[in-house]
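Undergrad: For the sequence shown, our numbering gives the first residue as 1, with consecutive numbering after it.
A portion of the hints provided could be inaccurate.
[To be verified] Label-pair distances were calculated between CB atoms; the ranges are:
| # | residue 1 | residue 2 | range |
| --- | --- | --- | --- |
| 1 | ARG8 | LEU62 | 44 to 52 Å |
| 2 | ARG152 | MET77 | 14 to 22 Å |
| 3 | PRO115 | GLY184 | 23 to 31 Å |
| 4 | GLU186 | VAL124 | 21 to 29 Å |
| 5 | GLU22 | ALA93 | 51 to 59 Å |
| 6 | PHE183 | PHE73 | 16 to 24 Å |
| 7 | ARG74 | PHE183 | 40 to 48 Å |
| 8 | GLY32 | GLY102 | 57 to 65 Å |
| 9 | THR121 | GLY32 | 35 to 43 Å |
| 10 | ALA85 | VAL47 | 28 to 36 Å |
| 11 | SER150 | MET77 | 16 to 24 Å |
Since the hints were made in silico from the structure, they are not lab data.
Ideal placement from N, C-alpha and C gives every residue a C-beta, glycine not left out.
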Amino acid sequence: GDPDPEVRREAAEALHVLGTAETLRRLDRRPGHEAARALLRDARWDVPGAGPVPLLGQPGGLTAARILTTMRFRRAMRLAEKRWAGASAGGAAAGTVAGLLGGLVLRLAPGSHAPASVAVTLAVVGAIVGGLGAAGVGAGLAAAEAVARSLRGPSLVLAGAAGGGAVAAVSNLVGRWALEGVFGREL
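Take these sequences, add in the hints, and give me the full structure.
TA: Written as structure tokens, this is what we have:
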């Protein structure tokens, strides 16, 4: 059967070391060359001195591009699964601390009539908001790591911001709907 993905990746990296151009020359138009070209394209980033692996204008290039996109999407999903829990926990912890401290400041402020429960309430809200926001940022970062192999820094910044921004936009909308439903006023 098919060797496992790690074995295939190691083989692709070894072929880059032996010579990318010669590997591609021998590979073209053989059965399965599209998947092999996609794997070589992905592996080249991890091998110092590896040559380019063009897709466009090559035999089976569009199929190889589709396979490469699918490979990177699956990797992004695996990374996101691993990182969402950690990012959410970190964001929830930070939100809890921020909410608790904010509630204490609000409670202890001169002339405050805030009940003691405000610190706990804001800590819970902070945990929820922090956890959700961090999950969005973590998902964006994981997607950028898996998909964007070049321009990595800007890709991480933009994808992390997009993930966090998407969660913020949805949270804002849901929050508005909830408040409108509870209080009957448009905000």
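Undergrad: Could you run down the list of hints and mark each one as holding or not?
TA: Each hint tested on the structure:
A hinted range of 44 to 52 Å for the beta carbons of ARG8 and LEU62 is inconsistent with their spacing of about 21 Å. In this structure, ARG152 and MET77 meet the distance hint of 14 to 22 Å, their C-beta atoms being roughly 19 Å apart. For PRO115 and GLY184, the Cβ-Cβ distance of about 25 Å falls inside the hinted range of 23 to 31 Å, so the restraint holds. Separation of GLU186 from VAL124 is about 26 Å and conforms to the stated range, judged on CB atoms against 21 to 29 Å.
For GLU22 and ALA93, the Cβ-Cβ distance of about 52 Å falls inside the hinted range of 51 to 59 Å, so the restraint holds. Between PHE183 and PHE73 the CB atoms are about 42 Å apart, so this pair departs from the stated range of 16 to 24 Å. One distance hint, 40 to 48 Å for the beta-carbon pair ARG74 and PHE183, holds here, with the actual separation near 44 Å. A beta carbon spacing of about 59 Å between GLY32 and GLY102 agrees with the range 57 to 65 Å that was offered as a hint.
The hinted range of 35 to 43 Å is not satisfied by THR121 and GLY32, whose Cβ atoms lie roughly 59 Å apart. Between ALA85 and VAL47 the Cβ separation comes to about 31 Å, which falls inside the hinted range of 28 to 36 Å. Judged by the Cβ atoms, the range 16 to 24 Å given for SER150 and MET77 holds: they are separated by roughly 21 Å.
Figure legend: structure checked against the earlier numbered hints; hints not met, in rising order: 1, 6, 9.
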